[in-house]
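Chain residues, written in single-letter form:
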Amino acid sequence: MLQKFIIFIIILTAVLFQVSVLPNFFSPGTVPELAMILIIIWTVNNGYERTIWRAITAGLLLDLFYFWPIGVNIFAAVIISYATDYLSDRFVIVQKTWKFLFLVAAVAGATIVNAAWGNIIGLIFKMSGREPGFLIARFWDARLLIKIIIDIIILFIVYWPIRKLENFLSLYGPGSFGQKKVFQRR
Amino acid sequence: MAKKHLTSKLIKLIATLFICLLLIFLNPLGIINPIRGFFWTLARPFQKTFYILSAKGADTLDFLKSIGDLRAQNEQLIKENNDLAGQIAQLKDEKRENDELRQQLNLIPRGQYDLEASFVIGQDPQKLGSWIMIDKGLDHGIQKDMPVIVSNSILIGRISEVYPTSAKVDLLTSSSSSINAVDTATSARGVAEGEYGLGIVLNMVSQTDTLNQGDGVVTSGLGGNLPKGLLLGNIQEIGVTPDKLFQQALVAPQIRYSQLDIVFVIKK
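Protein chains in written order, with the numbering used here: chain B, 144 to 329; chain F, 6 to 273.
Since the hints were derived computationally from the structure, they do not count as laboratory data. We put the CB at the ideal spot given by N, CA and C, even for glycine. Check before you lean on any hint, since a few could be wrong.
Claimed, not checked - Below 27 Å or equal to it, Euclidean Cα-Cα: the simulated DSS-like pairs (lysine-lysine) are: (1) Lys53(F) to Lys249(F); (2) Lys242(B) to Lys307(B); (3) Lys149(F) to Lys14(F); (4) Lys53(F) to Lys149(F); (5) Lys233(F) to Lys100(F); (6) Lys147(B) to Lys269(B); (7) Lys97(F) to Lys249(F); (8) Lys100(F) to Lys272(F); (9) Lys70(F) to Lys53(F); (10) Lys147(B) to Lys53(F); (11) Lys97(F) to Lys84(F); (12) Lys269(B) to Lys84(F); (13) Lys269(B) to Lys53(F); (14) Lys273(F) to Lys233(F); (15) Lys273(F) to Lys147(B); (16) Lys147(B) to Lys84(F); (17) Lys242(B) to Lys17(F); (18) Lys100(F) to Lys273(F); (19) Lys53(F) to Lys233(F); (20) Lys97(F) to Lys273(F); (21) Lys242(B) to Lys14(F).
Said to hold, decoys possible - What the simulated footprint calls covered on chain F by chain B, stretch by stretch (three residues with Cβ under 8 Å from a Cβ of chain B suffice, anywhere in the stretch; the number is not a length): (22) 15-28; (23) 46-54; (24) 236-243.
Stated by the list, open to error - Sample of chain F residues lacking proximity to chain B, with all beta carbon distances greater than 10 Å (derived): (25) Ile37; (26) Asp74; (27) Lys84; (28) Gln109; (29) Gln131; (30) Glu166; (31) Thr213.
Construct the complete structure from the given sequences, taking the supplied hints into account.
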């Protein structure tokens with residue numbers, strides 16, 4: 144229970160940082176997606192099954208605080224988590240060597256997927272006559288490239304603290320961080 | 006066994022995605038507003054602290070980055086200051102004259118608004134940068150569509166959603182923003198519309214009207230509850246609409262919306 148509560152607080156803090164702190168340091172369109180990075184780290188280390196509820200929570204909080212229709216970010220978070228898990232099962236064979244490189248690629252891919260998904264939903268809303276309010280004007284511009292680089296830098300910054308914290312939290316819950324997946328594979 | 010596990014995983018995924026799509030397209034935005042309001046109220050004290058601290062941090066970083074440019078900026082500011090001192094002297098005289106005329110015509114004194122000062126506690130992190138969140142709401146008498154300004158009557162947007170202790174402000178650059186405006190120098194009238202967070206465009210200006218680069222654009226006071234004379238920005242570029250029926254101008258906002266910290270809501 145304590146583990147779940149702390150995870151919820153971490154996700155809530157990440158979303159609040161995205162809305163209230165990071166926009167002061169990054170220009171619009173390049174604000175890093177902290178919550179998405181956390182979901183990718185958790186998926187690679189714990190697997191999709193253990194991360195799905197975290198992805199749904201992060202997506203729900205993002206929808207609430209971004210003023211987007213409920214479901215848009217949940218959809219993106221769940222898809223990103225599933226795809227990350229699917230690909231990591233195939234590519235991350237020797238964990239320590241490839242894991243971090245895979246994480247970098249996953250964060251870059253997820254940033255693009257997120258931008259594309261927001262654009263698709265915005266266009267559908269616009270075509271159906273509902274003001275999207277969150278339409279991304281152009282899918283691909285220089286800011287997306289900058290955002291990918293910033294997201295990767297943020298990944299480097301948050302990876303180790305999150306790993307340490309999860310290892311600490313594993314004392315209060317079943318399984319250890321990064322171990323469940325190894326057991327599953329065996 | 007592995008195949009069965011994968012199937013159950015896929016079924017769960019498809020079910021989740023299906024529910025998400027139902028929520029996105031069938032659930033009108035208004036229904037979840039109380040939940041959204043609850044979360045914003047819950048997070049407000051943290052957001053306020055986070056936002057103020059990070060804004061100060063960002064200011065310090067900006068200051069450190071700008072040290073090299075300070076000398077050139079200082080010289081430019083001294084020059085601007087001298088120009089403005091001259092303009093102030095002229096405007097004081099015009100203001101006295103204006104007050105006398107308004108008194109003779111029994112008009113309400115201009116610019117005396119009932120203002121509610123508020124802190125910005127959040128902003129749109131997406132590419133659009135089309136909204137900000139403020140720490141005042143229904144409990145402080147804030148209502149939908151009230152104009153929001155910063156110092157010197159510079160309009161930045163309007164209240165679009167109100168919660169008990171917070172409110173969402175749609176900025177002028179938001180695609181939902183549309184305001185009747187007028188060129189201060191030539192009195193050319195048009196409609197200032199947001200361009201998906203990219204800027205403000207003054208549309209529907211008649212071909213017979215004159216627009217000049219650098220002219221100020223203010224609210225005209227027509228067709229809405231916006232007071233007359235609130236500054237939107239200055240004209241940056243002038244062009245014509247694709248059908249060549251009207252002129253249009255790109256209006257550069259007077260301030261950077263991403264660096265707002267205190268704003269004022271005009272209540273009356």
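Evaluated hints:
1. Lys53(F) to Lys249(F): 47 Å, violated
2. Lys242(B) to Lys307(B): Answer holds: Lys242(B) to Lys307(B) is near 16 Å, not above 27 Å.
3. Lys149(F) to Lys14(F): 45 Å, violated
4. Lys53(F) to Lys149(F): Satisfied, since the Cα-Cα distance of roughly 22 Å is no more than 27 Å.
5. Lys233(F) to Lys100(F): 16 Å, holds
6. Lys147(B) to Lys269(B): With Cα atoms ~38 Å apart, Lys147(B) and Lys269(B) exceed 27 Å; violated.
7. Lys97(F) to Lys249(F): It is violated: about 41 Å lies between the C-alpha atoms, which goes past 27 Å.
8. Lys100(F) to Lys272(F): 25 Å, holds
9. Lys70(F) to Lys53(F): Distance ~26 Å between Lys70(F) and Lys53(F) Cα, so the pair holds.
10. Lys147(B) to Lys53(F): 26 Å, holds
11. Lys97(F) to Lys84(F): 20 Å, holds
12. Lys269(B) to Lys84(F): Not satisfied, since the Cα-Cα distance of roughly 48 Å exceeds 27 Å.
13. Lys269(B) to Lys53(F): Answer violated: Lys269(B) to Lys53(F) is near 33 Å, above 27 Å.
14. Lys273(F) to Lys233(F): 13 Å, holds
15. Lys273(F) to Lys147(B): 47 Å, violated
16. Lys147(B) to Lys84(F): 60 Å, violated
17. Lys242(B) to Lys17(F): 26 Å, holds
18. Lys100(F) to Lys273(F): 23 Å, holds
19. Lys53(F) to Lys233(F): Roughly 32 Å separates the two Cα atoms, so the pair is violated.
20. Lys97(F) to Lys273(F): 26 Å, holds
21. Lys242(B) to Lys14(F): 23 Å, holds
22. 15-28: holds (count 9)
23. 46-54: holds (count 3)
24. 236-243: Since three or more residues must qualify, the claim that chain B covers the segment 236-243 of chain F is violated, with 0 doing so at under 8 Å.
25. Ile37: 5 Å, violated
26. Asp74: Holds, because the least Cβ-Cβ distance between Asp74(F) and chain B comes to about 18 Å, which exceeds 10 Å.
27. Lys84: Since the minimum Cβ distance to chain B is about 29 Å, Lys84(F) lies beyond 10 Å and the statement holds.
28. Gln109: 46 Å, holds
29. Gln131: 6 Å, violated
30. Glu166: 7 Å, violated
31. Thr213: It holds; Thr213(F) is separated from chain B by about 32 Å at its closest Cβ, greater than 10 Å.
Going through the hint list in order, the structure does not satisfy hints 1, 3, 6, 7, 12, 13, 15, 16, 19, 24, 25, 29 and 30.
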